[in-house]
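Undergrad: Sequence:
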Amino acid sequence: SKTEVRDRAFVQAIGISESNDKVSVAVRLFDDDSSYQGTGSNFNEALKNAQYSQGNDFFTGHTEFIVSASSDNKKLLSGIIKSNDIPPSCTFIASDSALSAISEADCDRIAGIIKIRSRSGNAFRKSIWNVLEELNDNGFSDTDMISRSGDIKTARVSA
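In terms of the working numbering, the sequence shown opens at residue 26 and continues consecutively.
Everything labelled a hint here was simulated from the structure, so no lab data went into it. None of these values were measured; they are calculated from a predicted model. Ideal Cβ positions, reconstructed from N, Cα and C, are used throughout, including at glycine. Mixed in with the good hints there might be a few duds.
Restraint ranges, calculated between C-beta atoms of paired labels, are given here [stated by the list, open to error]:
no.	residue 1	residue 2	range
1	S145	E70	18 to 26 Å
2	K107	R33	16 to 24 Å
3	S143	D56	23 to 31 Å
4	G86	N45	17 to 25 Å
5	R134	D167	20 to 28 Å
6	N163	D32	19 to 27 Å
7	I106	G146	26 to 34 Å
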């Protein structure tokens, strides 16, 4: 069956956290202040479970940024890129509280702050592809980080 545009929910941002072999996501949509949560054994399963709570098919092809609290970003980003659903140009942001940061954040504000800060040289604004490449090459990547309160700074994530 063909999915109509009106039956799709366009994903703006995804927060990702892992614990006890489970992946949890918080998904924010364009023009929607709600946060949709899902948990699964991997990223795709967690995303699908979040989709069930929203009711429409998620379209992730325009996702602006991913906020990750993963302890293994190399594995996470490899899987995301292989799934081919999220553009490799999507901005990567680290966090120690990714689900809260996404659930409570103004995603338009975050996207704007990262854009403005990167123009002035105060933010990295790295894509998930750039971060994965650096993790593979160097074992680390210096990237942007968001706190639960929405403050953005820089941080180093390791492979």
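Undergrad: Could you tell me whether the CB distance from I106 to G146 stays inside 26 to 34 Å?
TA: holds (27 Å)
Undergrad: Taking the CB of S145 and the CB of E70, does the distance hold inside 18 to 26 Å?
TA: With a Cβ separation near 39 Å, S145 and E70 fall outside 18 to 26 Å, so the hint is violated.
Undergrad: Does the hinted range 20 to 28 Å hold for R134 and D167 at CB?
TA: holds (23 Å)
Undergrad: Could you say whether the range 16 to 24 Å given as a hint is met by the Cβ separation of K107 and R33?
TA: At 22 Å between Cβs, range holds.
Undergrad: Between G86 and N45, does the C-beta distance stay in 17 to 25 Å?
TA: violated (31 Å)
Undergrad: Per the hint of 23 to 31 Å, is the separation of the Cβ atoms of S143 and D56 within bounds?
TA: Because 24 Å falls inside the window, the suggested range holds.
Undergrad: For N163 and D32, compare the CB-CB distance with the range 19 to 27 Å and indicate the outcome.
TA: violated (42 Å)
When each numbered hint is compared with the structure, violations occur for hints 1, 4 and 6.
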